[in-house]
Amino acid sequence: MSALLDGYDPGDFYDEMLATQGKPRPHYAKLYTRLSEMTPAQLNERRQLADLSFLLQGITFTVYSDDRGTERLFPFDLVPRILPRSEWQLLERGLSQRVIALNMFLQDVYGPQRILRERKIPRSLVLSCSHFRREVVGLQVPRGIHIHIAGIDLVRDSKTAEYLVLEDNLRTPSGVSYVLENRLVMTRTFPRLFHRYEVLPVTQYPIELLEILRTLSPRTGKRSTLVLLTPGIHNSAYFEHSFLAQQMGIELVEGRDLVVDSDTVYMKTIRGLTRVDVIYRRIDDDFLDPLVMRADSLLGVPGLIGAARAGNVALVNAVGNGVADDKAICAFVPDIIRYYLGEHPILRSVETYVCSEPAQLRYVLDHLEDLVVKSVGESGGYGMLIGPIASRASIAQFRDRLRIDPRNYVAQPVVSLSRCPCYDPDSGGLAGRHVDLRPYCLYDGEKVTIVPGGLTRVALRPGSLVVNSSQGGGSKDTWVLKGEE
Amino acid sequence: MLSRIADSLFWIARYMERAEGTARILDVNYHMMLEQSNQPYRLRWDPLVIIAGEHERFFSLYQGATSYTVLDFLGFRQENPNSIVKCISNARENARTIRDRISRDMWEDLNGLFHEVSRYCVAEVIATGPHRFCNLIKFGTHRFHGVTDATLPHDEGWQFLQAGRALERAGMTARIVDVQYHNLVEGPLSEPDNHQWMAVLKSVAAYEYYRRQYRARIEPEKVAELLLLHGLHPCSIRFNIAALQEALRAVSGTGHGTYANEAERRTGKLLDTLVYDRIEDVLSRGLHAFLTDLQRTCGAIGEDIARTYFYYPVAE
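Note that the protein sequences, when read in sequence, are chains A and B. With numbering that gives the first Met the number 0 applied, the first sequence corresponds to residues 0 to 484, in that order. With numbering that gives the first Met the number 0 applied, the second sequence corresponds to residues 0 to 315, in that order.
Simulated from the structure, these hints should not be mistaken for laboratory data. Incorrect hints may appear among the rest.
What the hints assert, rightly or not - Estimated spans, in silico, between C-beta atoms of each pair:
#, chain 1, residue 1, chain 2, residue 2, range
1, B, Asn134, A, Leu55, 12 to 22 angstroms
2, B, Glu115, A, Arg337, 54 to 64 angstroms
3, B, Pro80, A, Ser123, 17 to 27 angstroms
4, B, Gly252, A, Ile345, 55 to 65 angstroms
To be verified - Some but not every residue of chain B turned toward chain A, in silico, with C-beta under 8 angstroms:
#, residue
5, Thr96
6, Trp106
7, Gly111
8, His114
9, Tyr311
Think of the CB as a built atom: it goes at the ideal place given N, C-alpha and C, for glycine as much as any other residue.
Throw the hints in and build the complete structure from the sequences for me.
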């Protein structure tokens, strides 16, 4: 065995590569062999090559409240995460089912509200959600699609080896550009290994998204204008906005490039105003239209919601999706699937305690040391408590917060996430690090298309369970194989 | 094309040109000054600051003009919006906001230059001499223009880059000549004057060309003629105003003998003077007055372009 794999220990976790110490799972066999042939120096050399490639391409993200400058590389780990076909097919079915059901839920909540009247889900829970938008109740979205793009976070439980849904991202999920760029860098740094596996491609994503955007245009027969609306260069995901606009060949616009006149959206060009038909917006609901949402927003476009209501422009994703990815609502998704589709949920969610329910709150307060507590509306790993590693002070602090505003919190047991081999800069070899998986789902109103794989995020700090880029996480290329190995 | 994108392209070219011009001036003068350091007469650093149009800001930051303070100010100082590092970083920031509209090669090239430039600091450049740093900028900007030419479609966006570059270059040459104008006196040149004029020619890469073209000693009138009125040398003001006119016409689709907007009208009028006036005509009216006027016109053209293509009046 080479030094690279010396001391590699799967530990008490589900290891994605090794079935048992020294014995790779069938779909990892070729990678395992390749890694055994490599020295730490060789791996390190390739790693530096990959990093340089990211830096020169400016593939960076912004960390808020970091005074070391606004840009940082999103750490990339060279060892790919591999899924055999059969495993992926199961995930595909489960994710499709989930997205379709959640879309029906949004149609209902912003329409007839049948599910609330039939009390399948507490009315107060839905209406008190901070992302529920009264402003768009009754707004007919083009082709009935609320969720065009979903990023659904999955984790694998070490105890059962089962994939569980951790949370849904139905507003403006980000990260897909890293899926595409990681793949590009991987094929450059490990061409032979890549060749030895048959890996399903991911490059079609922008084209598939573009096709969906096209079908939403309110003007038929004419050449319509599609744009991607970004908050601008200081947004953490700016690179992605620009990347996707370029890949789709559509205009990247900021709020100040757009103007609404008579419920119609225009963009300011050097030849005058040009009508805009479809907006893939990467601005949060709150900032989209200062006339309807936050009046102090400088990022949005006054009158945009009015134009959408008049049917003159399509917004992607629709406004108000946050009500369906609220972490408290997440606990009801199995019920939502059963209610709208009459099907058994294919993917289970991580068990979730909804703190607005008094009995569940009591349980949570009694077991704070064992639970992860999350704020329902936050994302990016902000505003959470990880009981087992939290200080006494922060547990006490959360106890108070939970009592004051229980609706704002949910709790989940700590899932022992599976681990993948990652480069460990301290030892120069490989070590197990916890990972999750975020596949990107596109919904055209009839079927859900999912890029094979998605973004594998990895908690690079030893022992850490937090994979968010803002919290020291990195990413890996994710390979879905054409077959089983 | 979005107005904001045209605006950014225009300014990317201007910032790159500004960085290049400043680097050339620094490089040439620094080494000229070294050669002269044992001579009884003193060459002075402050004209460099005046060329940059930053006299006041400079003296609010430093006691006096020395090799260190001038290099720091023109090369690195963040408070100087026109320092080389700031220009490259502004160009890159503009490119970042429109990277979906420029070629990948352009972005990677400019981004690479930015990271390379960021590694330098004034102390190190003083220690090793500014030549390497200035060369990095000079060839870095040349390479960027080359990459742009080779990878960006020559559509209206490309025309805005050309317009920005030409306008900036014309203004830069005008300032360089203007600062030396007081040397344009009757009678033979003094030794330091001669060196200053050589520095001027070298800083716009026209020294060898001058020698070949005029086969004469350095004469201020001839230098002025070359830098102002020459039809083919890319440093000359006329050359750049002609390039500006071409770019503006390509955007608006206007033919010869007419104009589509105020920017084109002003450009055409200025070009007429530069094409049909002789250097004697210019000098008889006073070079300083002429150049002051010209710089003002260049400023006005920049504003006209912005009004025509970039800005929308706030709608009620």
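Hints and how they fare:
1. The hinted window of 12 to 22 angstroms between Asn134 (chain B) and Leu55 (chain A) holds, with their beta carbons roughly 21 angstroms apart.
2. Glu115 (chain B) and Arg337 (chain A) have their C-beta atoms about 59 angstroms apart, which keeps the hinted 54 to 64 angstroms range intact.
3. Range check, Pro80 (chain B) to Ser123 (chain A): about 55 angstroms between beta-carbon atoms, so the 17 to 27 angstroms window is missed.
4. Under the hint 55 to 65 angstroms, the C-beta atoms of Gly252 (chain B) and Ile345 (chain A), about 59 angstroms apart, fit the expected range.
5. For Thr96 (chain B), the shortest C-beta to C-beta distance to chain A is roughly 5 angstroms, which falls under 8 angstroms, so the interface hint holds.
6. For Trp106 (chain B), the interface hint holds, since its Cβ comes within 8 angstroms of a Cβ in chain A; the closest pair sits about 7 angstroms apart.
7. For Gly111 (chain B), the interface hint holds, since its Cβ comes within 8 angstroms of a Cβ in chain A; the closest pair sits about 5 angstroms apart.
8. Annotation: interface hint on His114 (chain B) holds; nearest CB of chain A at approximately 7 angstroms, less than 8 angstroms.
9. For the restraint placing Tyr311 (chain B) at the interface with chain A, the shortest Cβ-Cβ distance is roughly 5 angstroms, inside the 8 angstroms limit, so the hint holds.
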